[in-house]
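Asker: Protein sequences, first through last, are from chains A and B.
Under our numbering, the residues of the first sequence are numbered 1 to 303, in order.
Under our numbering, the residues of the second sequence are numbered 304 to 606, in order.
It is worth saying that the hints were derived from the structure and are not from the lab.
Yeah, the Cβ is synthetic: ideal placement off N, Cα and C, and Gly gets one too.
Watch out, some of these pointers could steer you wrong.
What the hints assert, rightly or not - Just some of the chain A residues that point at chain B, by a computed CB distance under 7 Å: (1) Val7; (2) Ala66; (3) Met217; (4) Phe219; (5) Ile221.
What the hints assert, rightly or not - With a cut-off of at most 27 Å between alpha-carbon atoms, the simulated DSSO-like pairs for lysine-lysine come out as follows: (6) B:Lys505 - A:Lys96; (7) A:Lys215 - A:Lys198; (8) B:Lys518 - A:Lys96; (9) A:Lys2 - B:Lys540; (10) A:Lys2 - A:Lys139.
Claimed, not checked - From chain B, some residues computed to sit far from chain A (all C-beta separations above 12 Å): (11) Glu308; (12) Asp343; (13) His346; (14) Asn347; (15) Gly382; (16) Asp405; (17) Glu420; (18) Gly456; (19) Pro459; (20) Asn491; (21) Gly569; (22) Leu576; (23) Gln593.
Now for the letters of each chain:
2 protein chains.
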Amino acid sequence: MKLVECVPNFSEGRRPEVLDAIVGAMTAVDGVRLLDREMDADHNRAVVTIVGEPEAVLEGVFRGMAKAAEVIDLTTHEGEHPRMGATDVVPFVPVKGVTMDDCVELARRLGERVGKELEIPVFLYESACTRPERQNLAKVRKGQFEGLCEEIGTNPAKEPDFGPNRIHPTAGATAVGARPFLVAYNINLGTTDLSVAKAIAKAIRHSSGGLRHVKAMGFAIKDRNIVQVSINMVNFKGTPLFRVFEMVRSEAERYGVPVIGSEVVGLVPVDALVDCAEFYLRLENFQRDQVLENRLSEDGSDE
Amino acid sequence: MKLVECVPNFSEGRRPEVLDAIVGAMTAVDGVRLLDREMDADHNRAVVTIVGEPEAVLEGVFRGMAKAAEVIDLTTHEGEHPRMGATDVVPFVPVKGVTMDDCVELARRLGERVGKELEIPVFLYESACTRPERQNLAKVRKGQFEGLCEEIGTNPAKEPDFGPNRIHPTAGATAVGARPFLVAYNINLGTTDLSVAKAIAKAIRHSSGGLRHVKAMGFAIKDRNIVQVSINMVNFKGTPLFRVFEMVRSEAERYGVPVIGSEVVGLVPVDALVDCAEFYLRLENFQRDQVLENRLSEDGSDE
């Protein structure tokens with residue numbers, strides 16, 4: 001069985017009945033499973049996670065976008081989070097038996113259909129991008145809905161990959177892309193000194209010379225009297241969890257600070273954890289089909 | 304979905320066509336998946352691993368035993384491995400959504416049916432045993448086919464749990480039981496000194512004062528010029544892999560010997576590896592439903 005995840009972000013964080021309608025449109029497609037839905041009133045934004053076979057997910061997210069275009073009006077939308085569309089961003093994520101290239105293909109097919117049938121301009125981003133400057137979502141979304149109303153159709157740099165070369169009057173524009181599974185991973189340090197967490201975050205993150213697929217910030221966890229290095233592992237295969245953990249431990253030692261624990265926020269693919277067992281147990285010649293559950297699902301897919 | 308594994312051992316290690324017939328009888332049952340089959344000519348014994356929903360596995364292994372009773376004759380059987388029946392031993396192993404008690408119940412139901420329909424005496428062993436002295440398979444099988452021909456029916460200690468109180472003239476007797484998943488796990492040491500591996504094996508195994516669910520022996524791996532502590536983890540939940548690894552590392556240090564690697568032989572349940580990631584990453588509040596694949600299979604079972 002092939003599995004792809006899709007995490008559409010919708011510009012609605014205050015009216016649960018509106019999100020219900022959007023989610024209902026997606027899960028009405030046979031084979032689409034809802035993994036998670038979160039609304040944030042301050043951001044006025046919802047993040048929905050669905051998973052299933054590629055064709056089912058493609059159809060489901062299209063229907064969700066069509067519904068969002070009906071029920072969300074960007075001209076009256078306010079919220080802290082940057083946004084440019086009713087459906088703001090749609091990443092496809094390979095989960096099982098699916099490559100990043102497959103997800104790029106899904107992003108293109110979705111973008112083409114959304115452009116034609118919903119008349120919403122679509123920008124491809126991250127692994128699906130057609131211009132290097134569109135890899136970074138923040139750059140694609142720069143100007144937000146209000147700014148893009150003027151820029152699309154006049155600024156050649158803002159010509160969409162699919163759909164009309166003008167913004168949709170109420171549904172705005174959407175970024176569609178493909179990216180690896182994102183693991184939210186925090187490491188807790190036995191000190192109240194926030195500067196230690198900030199220094200370690202700076203040491204390990206890509207932007208300031210650290211590990212390629214790591215984003216990190218330092219925070220105080222006041223009710224526990226500790227500090228935390230809060231990490232986005234944007235590609236856990238490229239930069240594995242154990243390497244981040246060991247680097248944080250080594251940097252913390254330099255300050256005489258112990259690592260007292262770590263935590264996974266939300267979901268983590270089992271491979272990210274098996275990679276850690278393989279590292280720490282120094283496993284030789286370990287094949288992933290030695291994992292009983294993998295063998296079972298392989299057999300299942302033969303039927 | 305509930306999954307149970309069953310690992311019947313048959314007294315046939317030389318005629319592949321005989322094992323084909325037995326395996327074919329088992330896999331003819333809808334829902335029975337063959338995970339592994341191994342024949343050993345010296346032992347004149349085959350080990351077959353099947354998995355599936357409890358009722359399917361129960362039916363499958365019964366048919367395999369019926370076929371084995373047809374095609375194997377213990378009166379002419381020779382081999383190095385101790386044995387007492389055409390089907391010698393049948394352990395049920397909980398894999399998913401199934402408890403040890405469920406497997407004990409399966410063992411009893413199978414034993415009752417085999418006793419009645421095949422007229423083979425059945426002894427319950429390990430977690431399914433009805434007498435403490437029958438927990439240990441080696442004690443149940445003591446005397447083997449030849450000895451039990453005389454003992455069953457005369458020695459009250461050899462009265463079977465199910466079936467006639469006399470041996471089956473050609474199919475002998477069978478031990479049926481329930482046990483945890485067995486993980487074969489070896490740890491390699493950077494020395495040629497076999498006495499180090501033997502001393503460490505002695506230190507960690509239950510029989511000589513070590514960890515409760517560990518069996519271990521020391522071996523030389525001559526082609527690599529190293530030695531190995533070869534371990535049977537008979538209950539990886541009770542005694543986890545990381546604890547064994549760390550104990551071997553600590554004991555090896557006392558001899559100035561490094562642990563150069565470890566290896567899993569055959570299959571390992573993913574939980575045994577996730578336990579290791581949780582230990583080494585010092586994960587706080589980690590729930591197994593945070594593993595993406597677990598979430599997917601839960602959702603699947605709701606359908």
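Asker: All the hints need checking, so say for each whether the structure fits it.
Answerer: Now for the hints, and whether the structure bears them out:
{"no.": "1", "hint": "Val7", "verdict": "violated, 12 Å"}
{"no.": "2", "hint": "Ala66", "verdict": "violated, 24 Å"}
{"no.": "3", "hint": "Met217", "verdict": "violated, 19 Å"}
{"no.": "4", "hint": "Phe219", "verdict": "violated, 15 Å"}
{"no.": "5", "hint": "Ile221", "verdict": "violated, 11 Å"}
{"no.": "6", "hint": "B:Lys505 - A:Lys96", "verdict": "violated, 43 Å"}
{"no.": "7", "hint": "A:Lys215 - A:Lys198", "verdict": "holds, 12 Å"}
{"no.": "8", "hint": "B:Lys518 - A:Lys96", "verdict": "violated, 36 Å"}
{"no.": "9", "hint": "A:Lys2 - B:Lys540", "verdict": "violated, 31 Å"}
{"no.": "10", "hint": "A:Lys2 - A:Lys139", "verdict": "violated, 32 Å"}
{"no.": "11", "hint": "Glu308", "verdict": "violated, 8 Å"}
{"no.": "12", "hint": "Asp343", "verdict": "holds, 21 Å"}
{"no.": "13", "hint": "His346", "verdict": "holds, 23 Å"}
{"no.": "14", "hint": "Asn347", "verdict": "holds, 27 Å"}
{"no.": "15", "hint": "Gly382", "verdict": "holds, 28 Å"}
{"no.": "16", "hint": "Asp405", "verdict": "holds, 18 Å"}
{"no.": "17", "hint": "Glu420", "verdict": "holds, 29 Å"}
{"no.": "18", "hint": "Gly456", "verdict": "holds, 41 Å"}
{"no.": "19", "hint": "Pro459", "verdict": "holds, 41 Å"}
{"no.": "20", "hint": "Asn491", "verdict": "violated, 7 Å"}
{"no.": "21", "hint": "Gly569", "verdict": "violated, 7 Å"}
{"no.": "22", "hint": "Leu576", "verdict": "violated, 4 Å"}
{"no.": "23", "hint": "Gln593", "verdict": "violated, 6 Å"}
Checked against the numbered hints above, the structure violates hints 1, 2, 3, 4, 5, 6, 8, 9, 10, 11, 20, 21, 22 and 23; every other hint is satisfied.
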